[in-house]
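In our numbering, the protein residues as written are 2 to 297.
Bear in mind the hints are in silico, worked out from the structure with no lab data behind them. Ideal Cβ positions, reconstructed from N, Cα and C, are used throughout, including at glycine. Mixed in with the good hints, there may be bad ones.
[Claimed, not checked] Quick list of simulated restraints, FRET-style, between CB atoms:
id, residue 1, residue 2, range
1, P31, Q295, 53 to 61 Å
2, E72, G28, 21 to 29 Å
3, T82, E195, 50 to 58 Å
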Amino acid sequence: MTSTPHDPPVSLLLLGANLNFMRRLRGVGPAQAAAASHVSPDELARWESGQIPPGEKSLRRLMRLYRQPPEIHKVLADWATGIGDDANQRVLTDTAPGAHDRLVALELRAVGVQATGSCTFPPLVRSSAYADSLIPRRSPLMVGLTDPGRWRRPVVTGFHSYGHVDVVLEESLLQQPSHGDPRIHADQLTYLCEVVDKGLADIRIIRTSTGAGTGTGTGTGGYSGDLLGLAMPGLHHSTVWVHTTADSATYCNGSLGRGHQREFDAMSARAEALPLSTALLHQAAAAWTTRGAQAP
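Construct the complete structure from the given sequences, taking the supplied hints into account.
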């Protein structure tokens, strides 16, 4: 999971993930895309894996094939031509319209490899598209993540969550609903109780320190948005760390990425697993069911 000095520039990893995403979205095969770009399928594969950028003419041909608007072409062209010194290679901030859609492309590229959690603890799955893609691999619990009324920040699932543990809940979330209606909170807790009772997933209640972080924002762990680590496929399995806000996404690897990795490892080490997690979950569900019944 740790970035190495040999990682591809983060802009190329992001560019490649988006080119791969656009091609699959349009149902275009590698051979057709390569022919339209006047290159070999091997060359196209190198673009999509983030090894090298496409040339300007090739990128224009791909954008026409994938029916992408000029503003998207401009963003990708900037990434393809912006390879400069090491700092520029390792950090990229995307503030153009559609930034979160481009993040989804990177997340989907990382599916099936590994995803590490978030400094806004506990870790989470960043997008519904990412969660949807994991559904065939995991338990029916994933349905809860993609419902319109899903919790904003209490659940982590996937291959990355504390070894065999499928779901991690911060203890405070048992007492502090993310919805104003206690009945909704009771329903969500009851659903998770059913998941545990049916053996669909293991759930752990943890207590974390919320004072740690880098001071880059005001949220839990010091962040104003989410900080997500995604392990990318490829020779070096580099990790791209993504700090998101409401309208932007900043990507990094290299030395800054290794700093994020150390912070996450330290926060994970501080997480205190509470005993009797299942009992605590059932107690909270019962308490909120009572409150919901008493609500006007």
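Exercise. Which numbered hints are broken by the structure, listed smallest first?
Worked result: none
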